[in-house]
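Participant: Chains Y and H, in that order, give the protein sequences. Residue numbering for the first sequence follows our numbering, starting at 13 and increasing by one per position. Residue numbering for the second sequence follows our numbering, starting at 13 and increasing by one per position.
These aren't lab readings, by the way, just hints derived from the structure by calculation. Quick caveat: nothing in here was measured; it's all calculated off a predicted structure. Careful: at least some of the hints might be erroneous.
Just so you know, same-sequence chains aren't split out, so a pair can sit in one copy or run between any two.
[As the list claims (entries may be wrong)] In silico EDC-like pairs for lysine to aspartate or glutamate, Cα to Cα no more than 20 Å straight-line: (1) Lys144 with Glu109; (2) Lys294 with Asp168; (3) Lys144 with Asp15; (4) Lys144 with Glu14; (5) Lys167 with Asp292.
There are 2 protein chains.
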Amino acid sequence: MEDVITLDYGSGGQKTAELIDSLLVPAFSNPALNVLGDGAVLEGNGQLVFSTDSFVVSPWKFPGGNIGRLCVCGTVNDLCMAGGLPKYLSLSLILEEGFPLSCLQEIVASISEEAARTGVIVATGDTKVVEKEKGDGIYINTAGIGFLRAPFLGKDRIREGDRVLLSGSAGCHGAAVMMARAGLVRTDSAKPGNALVSDCAPLTKLSAAALASGTIRLMRDPTRGGVATTLNEFVENGPLCIELTEAAIPVDPPVAAACDLLGLDPLYCACEGRMLAVVDSKDTDRVLDALRSTPGGEQAACIGVVTRSRPGCVLVTTRLGGRRLLPKLSGLQLPRIC
Amino acid sequence: MEDVITLDYGSGGQKTAELIDSLLVPAFSNPALNVLGDGAVLEGNGQLVFSTDSFVVSPWKFPGGNIGRLCVCGTVNDLCMAGGLPKYLSLSLILEEGFPLSCLQEIVASISEEAARTGVIVATGDTKVVEKEKGDGIYINTAGIGFLRAPFLGKDRIREGDRVLLSGSAGCHGAAVMMARAGLVRTDSAKPGNALVSDCAPLTKLSAAALASGTIRLMRDPTRGGVATTLNEFVENGPLCIELTEAAIPVDPPVAAACDLLGLDPLYCACEGRMLAVVDSKDTDRVLDALRSTPGGEQAACIGVVTRSRPGCVLVTTRLGGRRLLPKLSGLQLPRIC
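In isolation and in its complexed conformation, chain Y is listed as follows:
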């Protein structure tokens, strides 16, 4: 590891994993934490799911959402992916001196709206203010509690032959934020017909639909590091391999165009309203049908299969018929995407 923190450590890719594995997990090792799921499953009075995320996205407003909407969806989605039904959020604001109150009001209104839509309540909170140039307008942390409804999810449940489903097109959030940051799209243009918008949305209904329609091994929302990094986390250090079919992966044309322009790969761009699910192959069609008939899941697709061909790796068969390794994000592609 480096001697000082570099932006790479926040990428969601290999450097982030290094920081977590070599510093954080050894320091706090316990069964709830060590599985490194999107949320921790807690023993208590019944089983709880607990998750947290800090949001430092820049700019704070982007096509299709803002940091307020994101801070609800991000934590709600982590709870859903861990098999929880989201119930309660905490909300902690770190405001930079000089941040316009009107912007804070807009963000708070988005949080309130998104929480109501998603069926969670903000139960507790905290507000801190730091001096100018010790922050960047606004950072938000949310933590969430849900009640466990799917107790049997985990990497260790994945089997050869399982199918990999993606609930919608890849990379929309990352591409939208990067275009907004580059000043190439209007941040207030989240209207129907606008070509490039974040997919930021709660996965409450999609995850419920999946769980109700088949045997789900594992669910995860591909945020920082994108689809490629998340799938690597499914199989790394294990005997299994995920083989993807590039042509089967839904990528919206405006996202593909934006990625071309910015030199990015949509498979490494964050989603904030998509889920990856590994399912028992016999249930593939049923789960796909359930996702496609749920709002937000219309483009759901089977994008790959679990094999043993190259243990611990993700392979992709390209449109031209070649096969290449799809490694974990290494270093920094998109800083401060969420």
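Start from chain Y and add chain H according to the hints.
Facilitator: Below, chain H alone, put in the same frame as chain Y:
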């Protein structure tokens, strides 16, 4: 309210209350949040207590602790004060590019040590990195879950004649951080015999001792805004008054000296390991004895009484026999104290 966020909004005093009351509570109104306790009590499978705090203390290391120790104690104490037995923490780091890894290791070690000492586990986490000058080394958010063990606490339970207890001397944390910030004490001098150290400590045992020995109406740890601001929150907008006796309030001589030097009032300086408790007068001696025989509570004192003499206010009888109003902290005394 102002058009932009000023540092006052983070003071823990009137401006912070204004932001919470006029923007945040209306946006998220629900029974768990609206009581504005240190933690929210949640209905679910059994009753949970849920709390969050972001820590932006500057400098990150101070006599008697560091941001790591503080981020455990702060949230643990909020859970204790809300009547919970702390069980689980989330840990979310916002790191500034360039922050020395050795400092992060020191902080993580403190978190680990303090969590173990306090009987909580870090169950889930998140790490973000922001560019240089978009942060200040390290900010940490923790959220905590506890199980409710004292379901009947609240401002509405305070009665005329109740006594106000303080578990130890006032203002140590605030004074220690301000002296460290001014470069007037060594930040690594948390040794026995060092005159001025933060009181940063978990309140798990002290709160348990109090609850087990008498009828407690309400507990609160006087952090930002100090003893004066917290007591104002107990009685504001109600028919009752708190009358304090200045001579009864324990203030360590080094804290008094530091406050004189810096132009501060110890009653407005944050504590991070003290609790205020309003108790039924018939139980005063029993609760005081219990606190005094618990480590950290040796200096516990009865500092005041609940009356009706000036509704909604906190009064203090000075050493010279005069009586003055002790208002809520207005504006900024100590920025970034926690």
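Participant: Does each hint fit the structure? Answer for all of them.
Facilitator: Hints versus structure:
1. Lys144 with Glu109: Both: 5 Å inside a chain and 17 Å across chains, each within 20 Å.
2. Lys294 with Asp168: within (19 Å within a copy, 58 Å between copies)
3. Lys144 with Asp15: Close across copies (15 Å), not inside one copy (27 Å); limit 20 Å.
4. Lys144 with Glu14: between (28 Å within a copy, 16 Å between copies)
5. Lys167 with Asp292: within (13 Å within a copy, 54 Å between copies)
Checked against the numbered hints given earlier, this structure breaks none of them.
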